[in-house]
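> One line per chain: the protein sequences are A and B, in this order.
Residue 1 is where the first sequence starts when you use my numbering, and the numbers rise one by one after that.
Residue 1 is where the second sequence starts when you use my numbering, and the numbers rise one by one after that.
It is possible that some hints are incorrect.
Identical copies carry no separate label here, and so any pair may be met within one copy or between two of them.
Unchecked claim - Lysine to any residue pairs mimicking SDA-like chemistry, simulated, CA-CA at most 25 Å apart: (1) Lys123 to Glu3; (2) Lys123 to Gln149; (3) Lys146 to Gly183; (4) Lys123 to Cys212; (5) Lys146 to Glu163; (6) Lys146 to Glu219; (7) Lys227 to Asp143; (8) Lys123 to Trp168; (9) Lys227 to Arg159; (10) Lys123 to Thr82; (11) Lys146 to Gln173; (12) Lys227 to Arg61; (13) Lys146 to Trp60; (14) Lys123 to Lys146; (15) Lys146 to Gln81; (16) Lys123 to Gln81.
Please keep in mind that the hints were generated in silico from the structure rather than gathered at the bench.
The structure presented is a predicted model; accordingly, all values stated were derived computationally and were not measured.
Chain by chain, the residues run as shown.
There are 2 protein chains.
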Amino acid sequence: MTETALVLFSGGQDSATCLAWALHHYDHVETIGFAYRQRHAIELECRIPVRDALARIGGWRGTLGADHIVDLGSSLSAIGQTALTEDVLIAMNGDDLPNTFVPGRNLLFLTYAAAVAYRRGLKRIIGGMCETDFSGYPDCRDDTIKAMQLALNLGMNQRFVLETPLMWIDKAQTWAMALGLGGQPLIDAIIEETHTCYLGDRTTRHAWGYGCSTCPACELRANGWRKWQSTL
Amino acid sequence: MTETALVLFSGGQDSATCLAWALHHYDHVETIGFAYRQRHAIELECRIPVRDALARIGGWRGTLGADHIVDLGSSLSAIGQTALTEDVLIAMNGDDLPNTFVPGRNLLFLTYAAAVAYRRGLKRIIGGMCETDFSGYPDCRDDTIKAMQLALNLGMNQRFVLETPLMWIDKAQTWAMALGLGGQPLIDAIIEETHTCYLGDRTTRHAWGYGCSTCPACELRANGWRKWQSTL
Chain A
1 MTETALVLFS GGQDSATCLA WALHHYDHVE TIGFAYRQRH AIELECRIPV RDALARIGGW
61 RGTLGADHIV DLGSSLSAIG QTALTEDVLI AMNGDDLPNT FVPGRNLLFL TYAAAVAYRR
121 GLKRIIGGMC ETDFSGYPDC RDDTIKAMQL ALNLGMNQRF VLETPLMWID KAQTWAMALG
181 LGGQPLIDAI IEETHTCYLG DRTTRHAWGY GCSTCPACEL RANGWRKWQS TL
Chain B
1 MTETALVLFS GGQDSATCLA WALHHYDHVE TIGFAYRQRH AIELECRIPV RDALARIGGW
61 RGTLGADHIV DLGSSLSAIG QTALTEDVLI AMNGDDLPNT FVPGRNLLFL TYAAAVAYRR
121 GLKRIIGGMC ETDFSGYPDC RDDTIKAMQL ALNLGMNQRF VLETPLMWID KAQTWAMALG
181 LGGQPLIDAI IEETHTCYLG DRTTRHAWGY GCSTCPACEL RANGWRKWQS TL
């Protein structure tokens, strides 16, 4: 039986590693991305070169199939601007989340992905959610993903499998996983082609890739790189 | 404590009855609708007159608050056009669903609704899902809704309650429920202001409201009306 998968693929380090993981494990792999007027829209532009770079590496079990972009229009930004009531403001401050936070964003992405997987006949849905680095986001938690699998399968009368290969590893281990999956060519592709920086900096090159090096996403990536390097 | 609710409100008979049900039971009720380039977009236009008509009836426990429209852009129609694989075609034919079917549409609506409810501090999310008339749609089933409550609460770290007052009743009983909630004025408002017809017919008036009377939605509404009338 042909094993098929759909990877939630933003073009960043984590989802590139997930795509490599899927190409290593399954026969036919498609990708899905979401346009939602994000600040770092440069990430969306990086998707194609990252896909191309991974395909060039070769030696995968799987072949890389179609890429799907779902345009969410203004829906996420509109919710992000929806006025907060006083009740909620208190809860939000407790959670230390930004005011434009769209709760459950990953639930939306997973539901759209399942709809595409349904129509494309794909069995596995793979995402880079991770408890280790993003424990503040409840929609990245393992319990949430497992509850979503249940809801999606009941709601679509299917047997999808949601897989999150990065759930229990940190950023250093994500680099190590990439080396194991695709060797130095995959590490090079991730450094050169994937994007992380919140500010969209694609000009300043570091050992770990491009970025401003001071935003939270760059810090996380750089720290993971240094920790990984120290273990080699 | 002020009891708050958000009603998935399309402007049709079912969601108008749900809105009346929410106004009867809770103190503060807001509504949410979705623009997704639907064929019967006239339903969206009916939403405001239906809200106004229900507010005019008066005597409710609750006050009618904000209306939220989430514009899903092209996302649903794009998924509806996504090519079907052979595997899926077989499953779809088995399910007797149209080729442009967007699986899990109600899961998306519920997730968007929960995101808005989160930001507005609303506790209960009310939808007109019903197993009785739409058993072909797995995203309307009670098991699905209960699994979604679990997934949404885990994914947003909240305690939302999803309520589906029409889950176990048929269209005749929905008319009876409306009479119980708002008397003849509510029945009149539903007849005059709500929309059902798939073809968007708003000119041909029947005892049960406007519509072509032959599309599946009109048939369902007319049959429910006749069955209800026969019990009075």
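> Does each hint fit the structure? Answer for all of them.
Okay, the hints, checked on the actual structure:
For a Cα distance limit of 25 Å, the shortest separation of Lys123 from Glu3 inside one copy, 7 Å, qualifies, whereas the shortest one across copies, 41 Å, does not. In this assembly of identical chains, the alpha carbons of Lys123 and Gln149 lie at most 25 Å apart whether taken from the same copy (12 Å) or from different copies (24 Å). Taking CA atoms no more than 25 Å apart as the test, Lys146 paired with Gly183 passes in neither setting, with 31 Å inside one copy and 44 Å between copies. With identical chains, the CA atoms of Lys123 and Cys212 are never at most 25 Å apart, being 38 Å at best within one copy and 41 Å at best between copies.
Taking CA atoms no more than 25 Å apart as the test, Lys146 paired with Glu163 passes in both settings, with 9 Å inside one copy and 22 Å between copies. In this assembly of identical chains, the alpha carbons of Lys146 and Glu219 never lie at most 25 Å apart, being 30 Å within a copy and 40 Å across copies at closest. Taking the shortest alpha-carbon separations for Lys227 and Asp143, neither the intra-copy value of 28 Å nor the inter-copy value of 45 Å comes in at or below 25 Å. Proximity of Lys123 to Trp168 under the C-alpha cut-off of 25 Å is restricted to the intra-copy arrangement: shortest distance 23 Å within a copy versus 32 Å between copies.
Taking the shortest alpha-carbon separations for Lys227 and Arg159, neither the intra-copy value of 38 Å nor the inter-copy value of 38 Å comes in at or below 25 Å. In the homo-oligomer, the alpha carbons of Lys123 and Thr82 lie at most 25 Å apart only across protomers (16 Å), although the nearest pairing inside one protomer, at 35 Å, exceeds that limit. Taking the closest pair of Cα atoms, Lys146 and Gln173 come within 25 Å of each other only inside a single copy of the chain (23 Å); across copies the shortest separation is 36 Å, beyond that limit. In this assembly of identical chains, Lys227 and Arg61 lie within 25 Å of each other by CA distance neither inside one copy nor across copies; the values are 30 Å within and 60 Å between.
For the identical chains of this complex, Lys146 and Trp60 are neighbours neither inside a copy (28 Å) nor across copies (40 Å), given an alpha-carbon limit of 25 Å. Proximity of Lys123 to Lys146 under the C-alpha cut-off of 25 Å is found in both arrangements, the shortest distances being 15 Å within a copy and 23 Å between copies. For the homomeric pair Lys146 and Gln81, neither the shortest alpha-carbon distance inside one copy (29 Å) nor that between copies (28 Å) is at most 25 Å. With identical chains, the CA atoms of Lys123 and Gln81 are at most 25 Å apart between copies only, with a shortest distance of 19 Å across copies and 35 Å within one.
Of the hints listed earlier, those the structure fails to meet are numbers 3, 4, 6, 7, 9, 12, 13 and 15, in rising order.
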